[in-house]
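S.K.: Could you build the full structure based on these sequences and the hints that come with them?
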Amino acid sequence: MSYTKRNDGRKFDETRPIEAKAGVIKRADGSAYFKMGKTTAYAAVYGPREIHPKFLQDPKNGKLRCFYNMMPFSSMGDRVRPGANRRAKEIAMVTQKALLPVVDLTESPNSVVDVFIELPQTDAGTRCAGICAASIALADAGISMNGMVAAVSIGRVDDKLVVDLDYSEESYEDGTVADIPIAVVSGTEEISLLQMDGELSRDELKQALEMAKKACSKIDKIQRDALKKKYGVKNE
Amino acid sequence: MNNQQKDHIISFFEKGIRFDGRKKLDEYRKIKVEKGFSENAEGSARVTIGDTIVLAGVKLSVEEPYPDTPDKGTMMVNVELLPLSSPDFEPGPPAIQAIEIARVVDRGIRESGAIDTKKLCIKKEEKAWSILIDICTLNDDGNLLDASALAVVAALQDTKMPSYNGKVVDYKKKTKDSLPLNLKKMPTSCTVSKIGNHFIVDPTPEEEEKVDARLTVEVEEDGTLCALQKGGDKSLTAEDIDKMVGIGIEKSKELRKFL
Amino acid sequence: MGKLLVEDKTIVTPGEELAEGMDFLPAEGTFRDKDKIISSGLGLVNLSGRVIKTIPVAGKYFPKKGDTIIAKVTNILMSGWILDIGSAYSAVLSVKEAKDFIRRDEDLTRYYNIGDYIVTNIVMVTSQRLVDASMKGPGMRKLIGGRIIKVNPHKVPRIIGKKGSMVSMIKNATESNITVGQNGLVWINGSPENEIIVVKTIKKIEQEAHISGLTDRIKTFLEKETNKKINIEKVE
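Protein chains in written order, with the working numbering: chain A, 50 to 285; chain B, 1420 to 1678; chain C, 72 to 307.
A hint or two may mislead.
[Claimed, not checked] Sample of chain C residues lacking proximity to chain A, with all beta carbon distances greater than 12 Å (derived):
| hint | residue |
| --- | --- |
| 1 | 75 |
| 2 | 136 |
| 3 | 205 |
[Stated by the list, open to error] In silico BS3-like pairs for lysine-lysine, Cα to Cα no more than 25 Å straight-line:
| hint | chain 1 | residue 1 | chain 2 | residue 2 |
| --- | --- | --- | --- | --- |
| 4 | A | 278 | C | 124 |
| 5 | B | 1592 | A | 87 |
| 6 | C | 107 | A | 263 |
| 7 | C | 74 | A | 270 |
| 8 | C | 135 | A | 109 |
| 9 | A | 109 | C | 136 |
| 10 | C | 274 | A | 278 |
| 11 | C | 105 | A | 263 |
| 12 | A | 262 | C | 105 |
| 13 | A | 278 | C | 221 |
| 14 | A | 279 | C | 124 |
| 15 | B | 1449 | A | 279 |
| 16 | B | 1454 | A | 70 |
| 17 | B | 1629 | A | 75 |
| 18 | B | 1592 | B | 1454 |
| 19 | C | 107 | A | 277 |
| 20 | A | 54 | B | 1591 |
These are computed hints drawn from the structure, not numbers from a lab.
In this text, a Cβ means the ideal position worked out from N, Cα and C, and glycines have one as well.
M.R.: Structure representation (structure tokens):
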């Protein structure tokens, strides 16, 4: 059966409603809150700071270290057992790779910039929300960056490609689903995160990347607005 | 700890002023309790005390009761001092500070009998509701214990039971039923700290590092004590303890207004 | 030919285009990408003739030779003291750089002990960020009593003011001793009530540093808090 209308009535290229705020965690060097539909993410940046254990330090470059975690009460359904699991570790790694192209840590050798992502509420698209929050938090922390990163999950639900797959679409039962999280670097529009769960044709992938670029360009404006708003300035 | 810095803060206390400008030693910073921030948890609450922010969430599941209490439901409290919330917290298993907060908050609710665990029983020896409470800190600006205790009680009050058809819990269908709570028994927590010869409540991190000893006092509505925890490296006299308990009971009346 | 794409003294975000064309010259906080000049972080645009730079508004302290800072002693070795200077890097104060001559067998804790705060000078920062400090010079001393607060190191110039005019105004109005470290640590010593006013004033400067008319606003604020009139001497 063809997926003709999205479960929540959105257009196929429409993201869920987005809210973003910078500087929400005062103790951190930089922080942000990013909400995409029901998925909510906090990101906090500490650094550059001393790295422990010492043998991890790089004498040429500061290191970027990411952590991802869903809070125990974050999902509809069973409690999520706390503690780093394999999925969280993998997401942390691809998050770090997604952010690395824009971050410049050459001025801070032998140090680390730690990024902590926590989700109090999840409804699919968590790693993307985390990356969007992390990008704002890194800028908020004054880290040297040549651009920002936005991310969104493109989905193939049955025969249609959709922007910002939500949980109801992820678990669609009347056809097959592919989940494609994509991160786009501002300016160059290069891709720094690409994963895929499910089956996809080569042409569909091409289309999905173009849809992600368009959606991320809109998210990028929201991220920058959040930073400027903190200083009492509004974007035109 | 530098003695001069301690003397300096004590000179503030002698005038009844706090480091952050509060005019009373037993004054709490602005407290905000927001129930139901989460659409996914069965119950939730967000508490801010000054700039300290804490989230509490309640998840319910149907489990086998413990063999020694076959007709009662169970409760568990877990605290995550998230590395996100302070440069001093590291990722990894709960540090002893997190364990202490969890166990003290747990004792207050358990010993007061604020939750009628018999009413959580579905079928004796086989099925009972299990209450899983998790606290996650978002920003540590001092006094995490009191903030956590307040958040847990608010989250329990916010909780609505999911539907249960005898076999499977349907989390998407929430009923209008609350947990079997006795509000009069629900404890409020006030941690009283001693610095030099002065007693303060709700310390900021600057004040927390100069604390000699502290006493967490959990109180039911009628003033009955339902949990006590002494912390800190120095000891307290019996008179100190009585003074601190008095402050705790006094403050609990104010804190109770937030429930 | 060249075209300015943003206004002077506005907040810009990482990767934002500041100017087009080869007429403008990129300075700190910016870089050139083909014919565009781009911001390399969150900052305030500063236009000076044809030179565009951005002044960072956030970020940890970065040690610089010549800076006078407030440091905390964290460890004592045979050869000197290790200092926490509020950055990813510790500083070393060697025995040779203490204020007076110290004999080989003397107990170093008699001079500066762990937990003590000192006003010290950064004399060298290597490419690997090894930092050397020295107590030689006027004003270098151990801080006795008082309290230390932390501020955004990028706001220090505004807190000090032109030729120290801002901090002098606060000192006089509150009859307090104030020492501002370039690393964002500030030492305050006065009566409890006055110290609270100093802290409030400094936090206000931190929040509003990028909004024009700061000096007058702070003067009005201080007059209200202290119930005293203030005369500002003109700074040449």
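S.K.: Does each hint fit the structure? Answer for all of them.
M.R.: Now the hints, each set against the structure:
1. With a least beta-carbon separation of about 15 Å from chain A, residue 75(C) lies farther than 12 Å from that chain, consistent with its non-interface assignment.
2. No Cβ of chain A approaches the Cβ of residue 136(C) within 12 Å, the least distance being about 15 Å, so the stated non-interface status holds.
3. Non-interface status of residue 205(C) relative to chain A is upheld: no Cβ of that chain comes within 12 Å, the nearest being about 22 Å off.
4. Between the alpha carbons of residue 278(A) and residue 124(C) the distance comes to roughly 21 Å, so the proposed pair stays at or under 25 Å and holds.
5. This hinted pair checks out: residue 1592(B) and residue 87(A) have alpha carbons roughly 17 Å apart, not beyond 25 Å.
6. Our distance criterion of 25 Å between C-alpha atoms is met by residue 107(C) and residue 263(A), whose separation comes to about 22 Å.
7. Using a Cα cut-off of 25 Å, the hinted pair residue 74(C) and residue 270(A) holds, with the two alpha carbons roughly 22 Å apart.
8. With a C-alpha separation of about 19 Å, the suggested pair residue 135(C) and residue 109(A) falls inside the 25 Å cut-off, and the hint holds.
9. With a C-alpha separation of about 21 Å, the suggested pair residue 109(A) and residue 136(C) falls inside the 25 Å cut-off, and the hint holds.
10. As the CA atoms of residue 274(C) and residue 278(A) are separated by approximately 19 Å, the hinted pair is consistent with the 25 Å bound.
11. Among the hinted pairs, residue 105(C) with residue 263(A) is consistent with the structure: their alpha-carbon atoms are about 24 Å apart, no more than 25 Å.
12. In summary, the hint linking residue 262(A) to residue 105(C) is supported, as the alpha carbons are separated by about 22 Å, within the 25 Å threshold.
13. For the hint pairing residue 278(A) with residue 221(C), the CA-to-CA distance comes to about 24 Å; that is within 25 Å, so the pair holds.
14. Using a Cα cut-off of 25 Å, the hinted pair residue 279(A) and residue 124(C) holds, with the two alpha carbons roughly 21 Å apart.
15. Straight-line distance between C-alpha atoms of residue 1449(B) and residue 279(A) comes to about 22 Å, which keeps the hinted pair within the 25 Å bound.
16. Between residue 1454(B) and residue 70(A), the direct Cα distance comes to roughly 21 Å. Compliance with the 25 Å bound is thereby established for this hinted pair.
17. A distance of roughly 21 Å separates the Cα atoms of residue 1629(B) and residue 75(A); the hinted pair therefore holds under the 25 Å criterion.
18. With a C-alpha separation of about 19 Å, the suggested pair residue 1592(B) and residue 1454(B) falls inside the 25 Å cut-off, and the hint holds.
19. A distance of roughly 22 Å separates the Cα atoms of residue 107(C) and residue 277(A); the hinted pair therefore holds under the 25 Å criterion.
20. A hinted pair counts as satisfied when its Cα atoms are at most 25 Å apart, and residue 54(A) with residue 1591(B) qualifies at roughly 22 Å.
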